[in-house]
Amino acid sequence: MPTFELILCIIAAVVLSSFLSRFIPKVSTPLVQIALGVLASQLPFFPDTELDPELFMVLFIAPLLYLEAHEIDKGSLLKSLKLSLSLAVGLAIATMVGVGFTLHAAWPVVPLAAALALGAALGPTDAVAVSSLSHEASLSQRQVGVLKGESLFNDASGIVGFQFAIAAAVTGTFEVGEAIGEFFISFFGGAIVGIVLGLAINWLFETVRSLGWETTTTRVLMELFLPFLLYLGAEAIHVSGILSVVAAGLIIRFDRSGVGPNVARTNIVASSVWSVLSFALNGAVFILLGMLLPDAMEASWNDQQISNLTLLATILIVAAVVVGMRFAWVAAMLRITRHEVTRKRRRMTKERWRSAAVMTFGGPKGTITLSLMFTIPYTLADGEWFPMRDELIFIAGGVIVVTLLLANFLLPVVAPRKSTDDSRAITEASIEVLRRTVEELAERVTPDNRRAVMAVIDSYTKRITRLKHRLGAIDPIGFSELQIAALEWEKDYVKGRLAA
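Under this note's numbering, the letters of the sequence shown match residues 15 to 514, in that order.
Just to be clear, a hint being listed does not mean it is correct.
Distance ranges between label pairs, derived from CB positions [claimed, not checked]:
#1 Thr393 with Ala342: 31 to 39 Å
#2 Gly186 with Glu19: 54 to 62 Å
#3 Pro122 with Trp315: 16 to 24 Å
Since the hints were derived computationally from the structure, they do not count as laboratory data. From the three backbone atoms N, C-alpha and C, an ideal C-beta is built for every residue, glycine too.
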């Protein structure tokens with residue numbers, strides 16, 4: 015019963031956050047939800063909660079990353095794949111090393127292996143926060159593609175690096191060759207498993223659809239089941255479940271195949287279900303983060319043997335290292351990356367420095383970092399207490415808050431919105447026009463016009479997906495208004511043709 019009450023309270027907090035965000039538009043929804051989580055943790059009737067990191071990864075991160083990979087603009091991702099992988103792997107490893115040695119040098123009481131573990135946990139950016147923050151500022155398609163691509167791939171590198179650092183801290187030994195080998199097995203093994211399963215899933219769903227066995231209920235249930243199957247299957251053979259989910263999400267395409275009113279309705283229902291589920295899971299992630307932060311930081315804050323000023327100074331030092339290394343890495347990659355047409359390296363202009371700042375502040379840390387820190391064992395292999403465990407969790411929590419605040423208040427400054435209008439609302443209106451058009455066309459199908467109308471319906475269902483990636487385009491509001499006008503005109507034209 016307490017678990018059920020906790021679920022209800024979290025859902026209520028998510029719903030409340032959606033209302034509060036309308037009245038404080040300058041504060042991003044994730045920060046509102048974190049604040050609600052902190053407040054909820056102090057209420058006497060709100061149930062206590064403990065984070066099971068493995069359950070958290072399966073229940074929240076797997077479906078959210080699957081949806082993000084499935085809906086990401088594949089063209090933008092391919093164009094920025096090298097930069098995304100550089101940030102996801104190269105920068106994650108550099109952050110692990112930089113934070114580890116800096117923290118150990120600034121506060122020698124923290125063992126180097128434990129400091130490296132903190133650096134590895136601070137490598138991954140939060141895919142949920144990146145997705146939310148992309149609506150708070152005017153980001154180009156390339157910037158959104160890079161940030162989302164990074165957030166899809168960097169979880170695996172951070173998790174593997176964290177596991178190796180913790181093993182070194184617990185046992186006192188570390189084999190570099192063995193660690194590198196296991197990293198490549200986990201990283202590429204997870205990707206291969208995801209690709210193989212994704213191809214098999216495509217074949218299965220398309221076969222079921224072609225045989226006429228698909229119903230809206232079975233389709234939605236099977237699709238919701240996929241992320242958990244992919245993650246647990248990959249983890250069972252000791253490869254990265256995160257990479258498996260991401261790779262499968264990128265190649266699965268069964269919802270874009272087939273024509274007909276039943277297919278259109280099924281795709282629309284599935285899209286609506288995922289929309290509600292993703293908002294609920296996104297909100298629950300940040301509510302949980304807010305609920306866990308006070309308890310995670312209270313033990314260190316109340317420790318009389320450690321100065322609170324030392325803890326705060328350490329948070330600022332680590333945050334400065336994380337943000338500074340990210341800015342330097344992004345700027346270096348922009349400098350050495352060749353132009354797509356001229357194949358020449360370009361100088362760092364004011365606009366390119368601004369782009370580096372956007373991608374720096376657009377990569378905040380989040381719940382994966384905190385969930386990794388909670389997996390730190392309480393004791394070492396010899397039975398001694400793990401040194402500075404509470405303090406490491408405190409520092410991680412502080413850096414998460416700092417990066418989220420920087421993203422919320424500095425990202426709109428370096429990438430201000432081009433208009434005060436809500437381009438996201440306009441895009442949603444475009445999608446609603448499409449959906450109504452599909453429903454009306456489906457009701458007007460006859461044996462004589464079936465083939466032509468099915469082609470139109472299929473094109474509309476594909477536009478619904480494409481419209482979700484228009485916010486980062488040049489002049490997105492003007493484009494969306496033009497798109498709505500064109501869709502209304504096309505709807506009237508098709509209705510006239512059908513009546514004739």
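When the hints from earlier in the document are held up against this structure, which numbers fail? 2
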